Amino acid sequence: MFDLDLWREIFQSINKNKTRALLSGFTVAFAIMLFTILFGIANGLENTFEKFFVRTAENAVNIRFGTTSKPYKGLQVGRQIMPTSKDLIYLKEEFGDNIEFLSTKLSRNYQIKYKKEKGSYSVSGVSPDYQYIEKAKIKDGRFINLKDIKSKEKLCVIGRLVEEDLFLKESAVGKYIDLEGVQYKVVGVYSDDGGDRQERVVYVPFTTIQRLYFGNDDIGNISLTYNPKMNIDQGLGLVKEMTTKLKNRFEVAPNDQRAIRIGSRALTEKKRLDNISSGLAALIPIIGFGTLIAGILGISNIMIFIVKERTKEIGIRKALGASPKSVVSIILLESILITTITGYIGLLIGVGILEAIGSSLERYFITNPSVNSSILITATIVLIIAGAIAGFVPAKKASKIKPIIALRNG
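At position 9 of the sequence shown the residue is numbered 15 (my numbering), and the sequence of numbers has no breaks.
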């Protein structure tokens, strides 16, 4: 049952001993605040990692072809490297299960019209696998399939914003768009979490691009994803092996950096972020929980001092007939109340600091630093329990002191 007199007495005790209450409260608030900030930074790094890979698969690798910058085996500088469909087959056969998805990418800008609406958009000739490399999500209809590649049909899949730009409030699927005088049937609409630029791309079968605009078997650049079971180091090893073998295949000098460029910004950044995250993943919990332990020790020391300071008061209470239980209750509830209130204040300060400096931390690869509420609640509960124990142990000991001894010592 709620005892109003007991709580009034607790608040009077806190009011009379403001310095003592502030000292014990500051220890708790600082511990929770620091704990919140540290875990918020760790989560911010994870958010950066997820944001970076939202555009394409995290195991994506791009192969770009250009002109040679060094002579090799009697061949002159400036030779154009042009891969064909045979090179796609070569990669599949040579690297087998190490490749998950594989697609060509022939891209250029075209003027596209639908009725009175028109605009310039990037049109990419791709394979069906490109949907998974780019992380395109089908909103309506379907993506390009193998049948489209074989039949070289004039059809396309458009981005969500292309549909909004050209079709306004109409559904695009089943309609025809004019791609510089050639009619293409829209078979699907996709969305892409990578942003507006990714949603203003039109995908068509790469064989259609070859037939209508190139008149040969050139495939442009190549995009792929390696086996997701491979770790980062294995992925980097695969990139190195591909570079060596493709340079040999096209007779390119090993130190020619311009003719064939195989790389993955994702892999490089993932390696760096993983190293940072691994270090912080080990360090932050240690620091965070170390902070909580320091807070617990601080509360314990302060509560021991508080009980000792109130020895005379305890003696008077017992002399007036107060039971040991009531003596313990007052000190215990006071400790829990101070810990709870200041813990919540520390939590609010920590969250407020994260929100205030969050945007400025992006330069350090920390995006939207925040903390899971369950972690904060758990940490606060731990401190409250610690505060209760810290108050209970010395209070229990003091409640057993005889009134005459307590009055003499006080």
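These are calculated hints, taken from the structure and not from any lab test. Please read all numbers here as calculations on a predicted model, not as lab measurements. Backbone N, C-alpha and C define an ideal beta-carbon position, used for all residues, glycine too. Don't take each hint at face value.
Listed next, the in silico DSS-like pairs over lysine-lysine satisfying Cα-Cα at most 30 Å (straight line) [as the list claims (entries may be wrong)]: (1) Lys119 / Lys79; (2) Lys92 / Lys153; (3) Lys246 / Lys79; (4) Lys331 / Lys79; (5) Lys331 / Lys314; (6) Lys22 / Lys253; (7) Lys191 / Lys121; (8) Lys191 / Lys145; (9) Lys314 / Lys402; (10) Lys98 / Lys79; (11) Lys124 / Lys98; (12) Lys246 / Lys141; (13) Lys143 / Lys181; (14) Lys158 / Lys122; (15) Lys191 / Lys153; (16) Lys119 / Lys175; (17) Lys158 / Lys181; (18) Lys181 / Lys121; (19) Lys145 / Lys122; (20) Lys141 / Lys124; (21) Lys251 / Lys76.
Just the calculated beta-carbon pair ranges, DEER-fashion [to be verified]: (22) Gln117 / Asn378: 42 to 52 Å; (23) Asn237 / Thr25: 27 to 37 Å; (24) Ala300 / Lys403: 20 to 30 Å; (25) Glu361 / Arg267: 39 to 49 Å; (26) Ser157 / Ala362: 52 to 62 Å; (27) Ser379 / Ser177: 26 to 36 Å; (28) Ala259 / Gln117: 16 to 26 Å; (29) Asn378 / Arg264: 41 to 51 Å; (30) Thr250 / Lys122: 45 to 55 Å; (31) Gly201 / Lys98: 29 to 39 Å; (32) Arg217 / Arg267: 26 to 36 Å; (33) Ala259 / Lys121: 47 to 57 Å.
Consistency of the hints with the structure:
The suggested pairing of lysine 119 with lysine 79 is violated, with an alpha-carbon distance near 49 Å, which exceeds 30 Å. With a CA separation close to 19 Å, the supplied pair lysine 92 and lysine 153 stays within the 30 Å bound. Distance check on the hinted pair: lysine 246 and lysine 79 sit about 22 Å apart at the alpha-carbon level, within 30 Å; holds. Between the alpha carbons of lysine 331 and lysine 79 the distance comes to roughly 95 Å, so the proposed pair goes past 30 Å and is violated.
Taking the CA atoms of lysine 331 and lysine 314, the gap is near 18 Å; set against the 30 Å cutoff, the hint holds. For the hint pairing lysine 22 with lysine 253, the CA-to-CA distance comes to about 82 Å; that exceeds 30 Å, so the pair is violated. For a cut-off of 30 Å, the pair hint linking lysine 191 to lysine 121 stands: about 14 Å separates their Cα positions. Between lysine 191 and lysine 145, the direct Cα distance comes to roughly 16 Å. Compliance with the 30 Å bound is thereby established for this hinted pair.
Of the supplied pair hints, the one linking lysine 314 and lysine 402 holds, its CA atoms being roughly 12 Å apart against a limit of 30 Å. Restraint check: the Cα-Cα separation between lysine 98 and lysine 79 comes to about 27 Å, which is no more than 30 Å; the hinted pair holds. Proximity of lysine 124 to lysine 98 is assessed by CA-CA distance (about 39 Å); at most 30 Å being required, the pair is judged violated. Among the hinted pairs, lysine 246 with lysine 141 is consistent with the structure: their alpha-carbon atoms are about 25 Å apart, no more than 30 Å.
With a C-alpha separation of about 20 Å, the suggested pair lysine 143 and lysine 181 falls inside the 30 Å cut-off, and the hint holds. Restraint check for lysine 158 and lysine 122: satisfied, since their Cα atoms lie roughly 28 Å apart, inside the 30 Å limit. For the hint linking lysine 191 to lysine 153, the alpha-carbon distance of about 15 Å falls within 30 Å, and the restraint holds. With a C-alpha separation of about 16 Å, the suggested pairing of lysine 119 with lysine 175 holds against the 30 Å cut-off.
As the CA atoms of lysine 158 and lysine 181 are separated by approximately 18 Å, the hinted pair is consistent with the 30 Å bound. Taking the CA atoms of lysine 181 and lysine 121, the gap is near 11 Å; set against the 30 Å cutoff, the hint holds. Annotation: proposed proximity of lysine 145 to lysine 122 holds, straight-line Cα distance about 24 Å (limit 30 Å). For the given pair, lysine 141 sits about 26 Å from lysine 124 by alpha-carbon distance, which is consistent with the 30 Å threshold.
At roughly 17 Å between alpha-carbon atoms, lysine 251 and lysine 76 fall within 30 Å of each other, so this suggested pair holds. Remark: the range hint 42 to 52 Å for glutamine 117 to asparagine 378 is upheld by a beta-carbon distance near 49 Å. Here the CB-CB span from asparagine 237 to threonine 25 is close to 56 Å, at odds with the stated 27 to 37 Å. With their beta carbons about 24 Å apart, alanine 300 and lysine 403 fall inside the hinted range of 20 to 30 Å.
A hinted range of 39 to 49 Å for the beta carbons of glutamate 361 and arginine 267 is consistent with their spacing of about 41 Å. Against the hinted window of 52 to 62 Å, the Cβ-Cβ separation of serine 157 and alanine 362 comes to about 58 Å, which satisfies the hint. Between serine 379 and serine 177 the CB atoms are about 41 Å apart, so this pair departs from the stated range of 26 to 36 Å. Taking 16 to 26 Å as the suggested C-beta distance range, the pair alanine 259 and glutamine 117 does not conform, at roughly 40 Å.
The supplied range of 41 to 51 Å is met by asparagine 378 and arginine 264, whose beta-carbon atoms lie about 47 Å from each other. At about 53 Å, the CB distance of threonine 250 to lysine 122 agrees with the hint of 45 to 55 Å. The hint said 29 to 39 Å for the Cβ distance between glycine 201 and lysine 98, and at roughly 31 Å that hint holds. For the pair arginine 217 and arginine 267, the supplied restraint of 26 to 36 Å holds, since their beta-carbon distance comes to about 28 Å.
Under the hint 47 to 57 Å, the C-beta atoms of alanine 259 and lysine 121, about 52 Å apart, fit the expected range.
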